[in-house]
Amino acid sequence: MPRQHSIRHKILAAKFATTLAALLVAIAAMISYDLSLYHRSWIADMTTQADLLGRTSAPALTFDDARVAQENLELLRYRPKLRAAAIYDARGRRVASFAQEGEPEFPRLPEADGVRVEGNNLVVFKRIANDREILGTVYLRAQYELYDRLLAYLGIAALVTAVAMLVAYVFSNWEQKVLVLPLIAIAKVAAEVTEKRNFALRAEKLSDDEIGLLADSINTMLEEIGRATRELEASNRDSAREVAERRRVEEEVLRLNAELETRVKERTTQLEYTNAELEAFCYSVSHDLRAPLRSIDGFSQALIEDFPKEVPEEARRFLGRIRSSTQRMGQLIEDLLNLSKVSRGELRRQDIDLAGIARQVVEDLQQRDPSRKVEISIWDGMQANADPRLLRAALENLIGNAWKFTSKAQQARIEIGVLRDGAQASFFVRDNGAGFDMAYADKLFGAFQRLHSANEYQGTGIGLATVQRIVHRHGGRIWAQAHLGQGAVFFFTLTPGNAEAAASRPAEAAA
Amino acid sequence: MVAVTLRLLLAGTLLWTAAGMAQTDSRAAEVRIKAAFLYKFGDFVQWPPAAFARPDASFTIGVMGAEDLAVALEQVVVDRRVQGRAVTVRRLRRGESLAGLHMLFVGQSETGRLSEVLGAARGHAVLTVTESENAIVSGSMINFVAVDDKVRFDVALPPAERGQLKISARLLAVARKVVTSS
Numbered sequence: 000m001p002r003q004h005s006i007r008h009k010i011l012a013a014k015f016a017t018t019l020a021a022l023l024v025a026i027a028a029m030i031s032y033d034l035s036l037y038h039r040s041w042i043a044d045m046t047t048q049a050d051l052l053g054r055t056s057a058p059a060l061t062f063d064d065a066r067v068a069q070e071n072l073e074l075l076r077y078r079p080k081l082r083a084a085a086i087y088d089a090r091g092r093r094v095a096s097f098a099q100e101g102e103p104e105f106p107r108l109p110e111a112d113g114v115r116v117e118g119n120n121l122v123v124f125k126r127i128a129n130d131r132e133i134l135g136t137v138y139l140r141a142q143y144e145l146y147d148r149l150l151a152y153l154g155i156a157a158l159v160t161a162v163a164m165l166v167a168y169v170f171s172n173w174e175q176k177v178l179v180l181p182l183i184a185i186a187k188v189a190a191e192v193t194e195k196r197n198f199a200l201r202a203e204k205l206s207d208d209e210i211g212l213l214a215d216s217i218n219t220m221l222e223e224i225g226r227a228t229r230e231l232e233a234s235n236r237d238s239a240r241e242v243a244e245r246r247r248v249e250e251e252v253l254r255l256n257a258e259l260e261t262r263v264k265e266r267t268t269q270l271e272y273t274n275a276e277l278e279a280f281c282y283s284v285s286h287d288l289r290a291p292l293r294s295i296d297g298f299s300q301a302l303i304e305d306f307p308k309e310v311p312e313e314a315r316r317f318l319g320r321i322r323s324s325t326q327r328m329g330q331l332i333e334d335l336l337n338l339s340k341v342s343r344g345e346l347r348r349q350d351i352d353l354a355g356i357a358r359q360v361v362e363d364l365q366q367r368d369p370s371r372k373v374e375i376s377i378w379d380g381m382q383a384n385a386d387p388r389l390l391r392a393a394l395e396n397l398i399g400n401a402w403k404f405t406s407k408a409q410q411a412r413i414e415i416g417v418l419r420d421g422a423q424a425s426f427f428v429r430d431n432g433a434g435f436d437m438a439y440a441d442k443l444f445g446a447f448q449r450l451h452s453a454n455e456y457q458g459t460g461i462g463l464a465t466v467q468r469i470v471h472r473h474g475g476r477i478w479a480q481a482h483l484g485q486g487a488v489f490f491f492t493l494t495p496g497n498a499e500a501a502a503s504r505p506a507e508a509a510a
Numbered sequence: 000m001v002a003v004t005l006r007l008l009l010a011g012t013l014l015w016t017a018a019g020m021a022q023t024d025s026r027a028a029e030v031r032i033k034a035a036f037l038y039k040f041g042d043f044v045q046w047p048p049a050a051f052a053r054p055d056a057s058f059t060i061g062v063m064g065a066e067d068l069a070v071a072l073e074q075v076v077v078d079r080r081v082q083g084r085a086v087t088v089r090r091l092r093r094g095e096s097l098a099g100l101h102m103l104f105v106g107q108s109e110t111g112r113l114s115e116v117l118g119a120a121r122g123h124a125v126l127t128v129t130e131s132e133n134a135i136v137s138g139s140m141i142n143f144v145a146v147d148d149k150v151r152f153d154v155a156l157p158p159a160e161r162g163q164l165k166i167s168a169r170l171l172a173v174a175r176k177v178v179t180s181s
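Here the protein sequences come in this chain order: A and B. Residue 497 in numbering that gives the first Met the number 0 sits at position 498 of the first sequence, and the numbers go up by one each step. Residue 172 in numbering that gives the first Met the number 0 sits at position 173 of the second sequence, and the numbers go up by one each step.
Extracted from the complex, chain A is given alone in its bound form:
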């Protein structure tokens, strides 16, 4: 596995680099320190030597004793690194000289005090003087081994580096056995797990340190992952099954819906057809019923009027009843035809003033029954966009009802107005008549529904059904509020609108 090599080599390289860097720095520091020390101490040594030689030779120079000076120089034989030495007198003559084998050269004249390096030689000139005068000069030439030393050190450094690298290599191998191999084993397991997705594999714990802990952790993790994976797979299978099930159900629902729609369409068509047929039938029946009724009424009247003597009183009374029944039936038929008319025909909307229509309706009612004293209040500004013919029919019914049910009231009062809530207008017709029990409110607008007996109040029970149909054709709503014996309010709207806003109004209006 190449990754294994990689980490091992990296560690080895790092170790080598560290060792090498440390060694090089240490060696460089040591060499430079040693060489500078050597340089300084050798110069100090030679300067001291020259000084000593000068002091020793001072009497010899003072008393012009070359032999003694020579003897002094001969002592340098025991310093093999000192290659040559000479003593010059105050006038620059060489008084004594000494040289190791093969080093016979001396400067012709002495120079001023000083130390200098000449290739492999250190050259020292040192003045000899007492407190008053210059006696002469000492010349020394010594080996200067800086470069030899440097070479020797470099050799040692190379050797030390090689040995250190070898040691580092051996140490690194051992370290790898202890540290890296367990890691690599763990890495191998991890790679295998990733590759084969086999969470049953376990890392081998080779040591009791952090790496061992790592192995333990990985094993725990693998166990956890294995368990989680199994659960996930199970859950996935369940989910897949559920999804399939849901899809099947959805398809079923769609199919049923489609079927339902088709069926609804069919039914609607049938219903519409049936409805139209029914209405046509109703219309024709009502229409056709009128003719015989008119004959019955007509002939009953003829009997009463044409035969005043022949028809006994009793029969006359019966004929009167026949006539009133016939008239009631005629009225009924009239209402039914109206209802039918309201349902059919086109809705022609235009801007109208409901207040005007209401006044006309009230006028008609007062002409028909001038004996009634009813307090009428019609609000101004009841504009609406609606079919004037249908609205007139609706108001005739509503105001007519109010007129009818206030007939037994002490102070009959009828109010026609409007409550506006933004764009929505709720028109109302309020009276203080008989009212009704709210328990029957839902039956109010059905055809032939009567909450009061015909003896009490006249009516066919078609009126409110007609009103409701008109309101519905305009897209509005109609509802009522009432208390038995305390009057009723009928609300209606003429535009489709916010049902809640409309519903919140009646309470206020009724209060």
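No wet-lab data here; the hints were simulated from the structure. None of the values given here were measured: they were computed from a predicted structure. Each hint should be verified, as a subset may be incorrect.
Going by beta-carbon spacing under 8 angstroms, a handful of chain B positions derived as facing chain A [unchecked claim]: (1) F36; (2) K39; (3) G41; (4) D42; (5) R169; (6) L170; (7) V173; (8) K176.
Beta carbons: idealized from backbone N, C-alpha and C, even for Gly.
Keeping the supplied structure of chain A fixed, place chain B upon it in accordance with the hints.
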């Protein structure tokens, strides 16, 4: 005896005459060197403090029986100091007191009376310097000798010790011979 002496004297005179200029030159050089050495000895010998009457007392060198050397010495010591003191050259005749002297040079001409002169200096802190053969035996401390045409000197330590003088080992190192016991 007188004749022999005369002959010798004659021969000497003749020789001296024959040597002529050369001999005069070499003697002059020798005197100059010896004068210089005398002056330099002062740096290698330590006198007892009692040898100097006052702190600023000069260093006095007595010269007996060597006028040429006295002259040379006077030239040498001009503006020079020994033991941190100015140097005075005093010419002495036989029998004169040695008081105040720190160094005494007795010339060759006094060889015959050397013992007498050195005896007077004996026990005093006076460095005695001579230029006669066997002068050491007579009690001289330093005696000039000629070696290969060079001026050298022998040193005798016992008389110096008697005079409480300490001669530096560095001087001894350049001496031809050092006598350590009598």
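> Can you list which hints this structure breaks, lowest number first?
Replying inline: 3 and 8
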